[in-house]
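Asks: Spelled out from the first residue to the last, the chains are:
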Amino acid sequence: MSKELSYLDAIREALAEEMRRDAKVFVLGEDVGAYGGAFGATQGLHEEFGDARVIDTPISESAIVGISVGAALRGYRPVAEMQFADFISCAFDQIVNQAATLRFRYGGRASVPIVIRAPSGGGVSGGLYHSQNPEAWFVHRPGLKVVAPATAFDAKGLLKAAIRDEDPVVYFEHKYLYRRAKGPVPEGDEIVPIGVAATRREGDDITLLTYGAMLTPSLEAAEELAKDGVEVEVIDLRTLQPFDRDAIFASVDKTNRALIVHEDVKTLGIGAELSAVIMEERFEQLDAPVLRVTYPDTHSPFSQVLEQANLPNTKKIVDALRRLAEY
Amino acid sequence: MSKELSYLDAIREALAEEMRRDAKVFVLGEDVGAYGGAFGATQGLHEEFGDARVIDTPISESAIVGISVGAALRGYRPVAEMQFADFISCAFDQIVNQAATLRFRYGGRASVPIVIRAPSGGGVSGGLYHSQNPEAWFVHRPGLKVVAPATAFDAKGLLKAAIRDEDPVVYFEHKYLYRRAKGPVPEGDEIVPIGVAATRREGDDITLLTYGAMLTPSLEAAEELAKDGVEVEVIDLRTLQPFDRDAIFASVDKTNRALIVHEDVKTLGIGAELSAVIMEERFEQLDAPVLRVTYPDTHSPFSQVLEQANLPNTKKIVDALRRLAEY
Amino acid sequence: MPPIKRTKFKLTPEQLLEMFYWLRLIRAFDERLSVLVRQAKVRSGVYTGIGQEAIIVGTCFGLRREDYICPLHRDLGSFLMKGVEPRVMMAQMFGKQGGLSKGRDSALHSGVSELGIFGNTSMLGANLPVAAGLALTFKMDRTDNVVVAYFGEGASNTGDFHEALNFSGVHRLPIVFVCENNQYAYSVPIERSMAIDDVAERAHGYGFDGVAINGNDVLAVYQSTLGALARARGGEGPTLIECKTYRWHGHSEHDKAFYRSDEELAMWKSRDPIPTFTTYLQARHVLTDDKMKEIEARVAQTIDEAVEYAMNAPDPNPQDAMTDLYT
Amino acid sequence: MPPIKRTKFKLTPEQLLEMFYWLRLIRAFDERLSVLVRQAKVRSGVYTGIGQEAIIVGTCFGLRREDYICPLHRDLGSFLMKGVEPRVMMAQMFGKQGGLSKGRDSALHSGVSELGIFGNTSMLGANLPVAAGLALTFKMDRTDNVVVAYFGEGASNTGDFHEALNFSGVHRLPIVFVCENNQYAYSVPIERSMAIDDVAERAHGYGFDGVAINGNDVLAVYQSTLGALARARGGEGPTLIECKTYRWHGHSEHDKAFYRSDEELAMWKSRDPIPTFTTYLQARHVLTDDKMKEIEARVAQTIDEAVEYAMNAPDPNPQDAMTDLYT
Ligand SMILES: Cc1ncc(C[n+]2csc(CCOP(=O)(O)OP(=O)(O)O)c2C)c(N)n1
Ligand SMILES: Cc1ncc(C[n+]2csc(CCOP(=O)(O)OP(=O)(O)O)c2C)c(N)n1
Ligand SMILES: [Mg+2]
Ligand SMILES: [Mg+2]
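Taken in sequence, the protein lines are chains V, Y, B and E. Following this note's numbering, the residues of the first sequence are numbered contiguously, the last one being 327. Following this note's numbering, the residues of the second sequence are numbered contiguously, the last one being 654. Following this note's numbering, the residues of the third sequence are numbered contiguously, the last one being 981. Following this note's numbering, the residues of the fourth sequence are numbered contiguously, the last one being 1308.
Hint data in this document are derived by calculation from the structure and do not stem from the laboratory. Any given hint could be a false lead.
Within a straight-line C-alpha distance of at most 30 Å, the following computed DSSO-like cross-link-like pairs (lysine-lysine) qualify [to be verified]:
{"id": "1", "chain 1": "Y", "residue 1": "509", "chain 2": "E", "residue 2": "1237"}
{"id": "2", "chain 1": "E", "residue 1": "1120", "chain 2": "V", "residue 2": "24"}
{"id": "3", "chain 1": "E", "residue 1": "1022", "chain 2": "Y", "residue 2": "509"}
{"id": "4", "chain 1": "Y", "residue 1": "554", "chain 2": "Y", "residue 2": "642"}
{"id": "5", "chain 1": "E", "residue 1": "1250", "chain 2": "E", "residue 2": "1063"}
{"id": "6", "chain 1": "Y", "residue 1": "351", "chain 2": "Y", "residue 2": "554"}
{"id": "7", "chain 1": "B", "residue 1": "662", "chain 2": "B", "residue 2": "923"}
{"id": "8", "chain 1": "Y", "residue 1": "351", "chain 2": "B", "residue 2": "793"}
{"id": "9", "chain 1": "B", "residue 1": "910", "chain 2": "V", "residue 2": "182"}
{"id": "10", "chain 1": "Y", "residue 1": "581", "chain 2": "Y", "residue 2": "554"}
{"id": "11", "chain 1": "E", "residue 1": "1063", "chain 2": "E", "residue 2": "986"}
{"id": "12", "chain 1": "E", "residue 1": "991", "chain 2": "V", "residue 2": "24"}
{"id": "13", "chain 1": "E", "residue 1": "1274", "chain 2": "E", "residue 2": "986"}
{"id": "14", "chain 1": "B", "residue 1": "659", "chain 2": "B", "residue 2": "793"}
{"id": "15", "chain 1": "Y", "residue 1": "642", "chain 2": "E", "residue 2": "1274"}
{"id": "16", "chain 1": "E", "residue 1": "1250", "chain 2": "E", "residue 2": "989"}
{"id": "17", "chain 1": "E", "residue 1": "1237", "chain 2": "E", "residue 2": "991"}
{"id": "18", "chain 1": "B", "residue 1": "695", "chain 2": "V", "residue 2": "315"}
{"id": "19", "chain 1": "B", "residue 1": "910", "chain 2": "B", "residue 2": "659"}
{"id": "20", "chain 1": "B", "residue 1": "662", "chain 2": "B", "residue 2": "945"}
{"id": "21", "chain 1": "V", "residue 1": "182", "chain 2": "B", "residue 2": "695"}
{"id": "22", "chain 1": "Y", "residue 1": "351", "chain 2": "Y", "residue 2": "330"}
{"id": "23", "chain 1": "E", "residue 1": "1237", "chain 2": "E", "residue 2": "986"}
{"id": "24", "chain 1": "E", "residue 1": "991", "chain 2": "E", "residue 2": "1063"}
{"id": "25", "chain 1": "V", "residue 1": "182", "chain 2": "V", "residue 2": "3"}
{"id": "26", "chain 1": "E", "residue 1": "1120", "chain 2": "E", "residue 2": "1237"}
{"id": "27", "chain 1": "E", "residue 1": "1120", "chain 2": "E", "residue 2": "1063"}
The structure presented is a predicted model; accordingly, all values stated were derived computationally and were not measured.
Work out the full structure: start from the sequences and follow the hints.
Replies: What follows is the structure, encoded as structure tokens:
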């Protein structure tokens, strides 16, 4: 049985359910308390769980993560919120050095079950410090897991999985989807496992790998190509680290063509790794080069004239798919 | 005319010469003053240029970079030292948000001519916080330039170019090379331009792309293959952002095979981008998949038994080259 | 060093009227922005400083063109007082080509070096190390120019605040640190973000004076600033001036600010800096009814013209989305 | 709250002798490490705390097993006092399989949760937010356990120090912050890293007490620690204890420490904590010559056995290079 929720409500529900299920789960961050968070993701939690488990912090991103690591070492499961993913740069050292290396340097005798929620992404007139997609930095750092849900269902299921995971997970929730992505969500305890992609549309001709807010334009583009009889298989990665190699290879083995679509910039965005891995593992099967449709290598401007010119969209994806189809 | 210097002395000489040439150049960092820096890269500078231009800072990496940005806005050319590249994570926000975006957000009315020197790399029993290769994070961030010299000649010439560049440059100097890499360096004012790779060995059969401390094992491996009559073209990238696309494509057009070797971890190391770009731009020319020899996706252990097992070396490179040759 | 709060000062009637004009203009500018947001004509997040104008006017009034300011997100007024045309600031808020950032930004992240204005990133506290760097160059140049750096009480909890103030203390830099303590950081009241009454207390941990004053009293702010400027120009180093104040509107125009009581708001509105100053000017017969009418008219006209200009200003050119990243 | 420095305390002869044993053991351990470095048997950077032992003994002596310590790089002795076997610590320094990190690390970056020991990264100050997180859970669990967090005066200039102490003050966490002020941060004397006499001063900026004491007087350190522990256990929040001391050796064993004068070193060596305490114990007839011999023998034997064990301990297995990264 399931019900319709927005992506944002799905996140809120996952938090509430996990906090009810496990007294060790608590949330901390700026304005996450009575205010309910800058985007409302923690609304109602303070009322239900009180000061001790819903903690408004000072403006101290580095400490927020460091405190989470300390709490995790004592068996707690902190869920830290970065008010915007852009500010995760202020907590960078605590994430990539403190959290990501602890299990390794402890010789496996401890781990760090923390979740860092980071509202990311553009298309919301956020300008250069409220639109960033910082996922690649963390995918590059061993010891971290990185997820990026595209649907309300996954927003809930992946957040639950992240909270229950024994390792540090950076959870990127796309701001553009908060209210726009609506759909059924699992009731109760169903989780979406970390590391498993979802095929959103089947097709034999081209594999399209994407995640987050780029799923919708990708699906639209796939429908466009269907009109010309080209069937695109759209795979939503959902987890970026570790990404689902089996699902990717299985699809490419079938289609022999692949396009990667992401909102992050091109150079060393996750598309680079996917492309390199497909080349390494499936060179023989490729009938065309793996292509990328991404944000160009620059910052996110406020002006919609400029931002819309930069963002990947259905048309850009269609053009790339056509190039691959005709290749 | 030129003379023999160590990589470390070449860096020191570049600093001294640039400080003599331009009164606006100054250095700051931890222990860079009378002590001459943890590795001696600033030795003699305090004596020659005094407190005002050779500044010992408190342990405040974030401020070191922020201060550099402020000074650069007033026409100075600060050269900031991170005592180890590993600690650059503590200055991350000031680099990727403050410095990298300033010109953009100012609408092109100002730029940030700072250099951040970061002693990076392993093979020196440094363990997980004194062996890191953090270059990919910065290559991924638009607005930054990234260089990584492999020879004494380039250590000097690229540092001079970085200091004279109008944009923020992260300069990765490899600790393993400090005293081991010796060679002729340009006298006086000769610079090594940013963005231009160097072909260290010509060959028609396989293109090998590398940089930093991996150049030597790469050249050794190339000699190995020469014995089997396989001629490997070894290209030292020198600049990682912007990397020299023309040089890469010209070589691949000739060899139709490419191997990338770097000490950074595999996932989203610079090799991923190079591989993806070669695929996008030269798919037709490739007779084999582009392969990567890199550090595996984990941290750098202290124990030499463990570190040496992880580090790329001549044998691993030879094996990969053979795979490509036989492909 | 003479006590800051009792600094002797003298202002001519003309100067007093100019102060009044600025108070009114800045208030009117923010109020108009607030309306434009409600009319959905300005689409960005707008952070007004309504109620806090005395801080900007009191701190900027005694500055030279050569002095540098490092404003925070509420300090649009300081851009005006430092010489940016109102129409340009308005175009900036509209994200138009004619703004400081050519539409890249719609807030205060863009500076003007010739006018001594630094435009910070969104990252709170990140402007303070930059301020230290600017001040360091004033010292290097042996000028007696000063940097005035603004931050909220919430931002005083960031690591950058600490690193910047510590460095400034060590080098006795010519900086005036102005804390705009408006009692809240977004929804978080000061008692949940620090365990002290006065942010000014923190200055003592850096080896310089900190004073807490009534930030709604323009003459008191001006007086203390004069004292701090004199110290800084005289080589006696930094001073922290904490200005107690209150923001009338929500954190941004989208924030209903339910987290505070009507009583509290009423109390602070009764401390409106403008009527207090008006009473004083009238008591001194400096501000006649005619003068008042004249100033109000000038203010209204200036704002109308600015809006007119901004509304009709062209959007940026999509071709410019990729420019101004590198020099 | 009762004044910290005059806390009443009573120690039995057995306890006093135990304190003496620890002073001697920790001194001997570091001295042996120093020799092992010169003999190139220990290949990692070794940071001894020789001269600073009274701080470790005085702060750890009153701790429970459940209390948590967050040591810095010189605090090997605190691992021993908290219950790690000397042989295991020695194996750790040798980077052997039998060490805390299985050879991943050869320093103090590995902790033991069951013993209440946190192993920090190399990043100075980064242990303090983690300490706050640990203390937060003690409060959540309604235990009266305490966290003792160590840092150098140099580390007190990092952003993490500020964010962690501020958060700890706001939540009145059960923490004792112990500053080991040994006058230098690597080569940088305190006057070049802060403009204040006492780091303890900084506590007042966070709303709790800071006291500066003679860190070479083990009884004074113990006394103040007792007071701070009582406060923390009683829910009265954090205390900062600044221990004035001096490191006899260089920053690491590779540092010749030319940056300080022989006079200064001689002055501080005359303040050696061990003879002072010995005199006291002899005056009280607690430490007889026999007891002295017995303790010295025990110390020597313990160290010899530890070295013996570590030298013969197996190296890690290369297969383990990739383990212990994720759970
Ligand atoms: C490093 C960082 N973290 C979080 C934010 C989000 N944010 C923007 S303004 C604000 C509150 C700032 O409070 P304060 O410093 O007191 O300034 P005020 O808005 O009250 O003037 C927050 C949390 C940010 N901009 N930067
Ligand atoms: C963030 C960071 N920056 C720089 C370093 C390099 N480093 C290691 S110890 C040290 C000096 C530390 O001084 P202090 O905190 O006073 O401790 P002490 O060594 O004197 O005991 C420095 C600069 C580091 N480990 N971490
Ligand atoms: Mg505020
Ligand atoms: Mg020290």
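Asks: Indicate, hint by hint, whether the structure satisfies it.
Replies: Against the structure, the hints come out as follows:
{"no.": "1", "hint": "Y:509 with E:1237", "in the structure": "holds, 26 Å"}
{"no.": "2", "hint": "E:1120 with V:24", "in the structure": "holds, 13 Å"}
{"no.": "3", "hint": "E:1022 with Y:509", "in the structure": "holds, 28 Å"}
{"no.": "4", "hint": "Y:554 with Y:642", "in the structure": "holds, 14 Å"}
{"no.": "5", "hint": "E:1250 with E:1063", "in the structure": "holds, 27 Å"}
{"no.": "6", "hint": "Y:351 with Y:554", "in the structure": "violated, 52 Å"}
{"no.": "7", "hint": "B:662 with B:923", "in the structure": "holds, 29 Å"}
{"no.": "8", "hint": "Y:351 with B:793", "in the structure": "holds, 13 Å"}
{"no.": "9", "hint": "B:910 with V:182", "in the structure": "holds, 26 Å"}
{"no.": "10", "hint": "Y:581 with Y:554", "in the structure": "holds, 20 Å"}
{"no.": "11", "hint": "E:1063 with E:986", "in the structure": "holds, 24 Å"}
{"no.": "12", "hint": "E:991 with V:24", "in the structure": "violated, 39 Å"}
{"no.": "13", "hint": "E:1274 with E:986", "in the structure": "violated, 33 Å"}
{"no.": "14", "hint": "B:659 with B:793", "in the structure": "holds, 25 Å"}
{"no.": "15", "hint": "Y:642 with E:1274", "in the structure": "violated, 56 Å"}
{"no.": "16", "hint": "E:1250 with E:989", "in the structure": "holds, 29 Å"}
{"no.": "17", "hint": "E:1237 with E:991", "in the structure": "violated, 41 Å"}
{"no.": "18", "hint": "B:695 with V:315", "in the structure": "holds, 28 Å"}
{"no.": "19", "hint": "B:910 with B:659", "in the structure": "violated, 36 Å"}
{"no.": "20", "hint": "B:662 with B:945", "in the structure": "holds, 27 Å"}
{"no.": "21", "hint": "V:182 with B:695", "in the structure": "holds, 28 Å"}
{"no.": "22", "hint": "Y:351 with Y:330", "in the structure": "holds, 27 Å"}
{"no.": "23", "hint": "E:1237 with E:986", "in the structure": "violated, 36 Å"}
{"no.": "24", "hint": "E:991 with E:1063", "in the structure": "holds, 21 Å"}
{"no.": "25", "hint": "V:182 with V:3", "in the structure": "holds, 10 Å"}
{"no.": "26", "hint": "E:1120 with E:1237", "in the structure": "violated, 44 Å"}
{"no.": "27", "hint": "E:1120 with E:1063", "in the structure": "holds, 21 Å"}
In this structure, the earlier hints numbered 6, 12, 13, 15, 17, 19, 23, 26 are contradicted, and the remaining ones agree with it.
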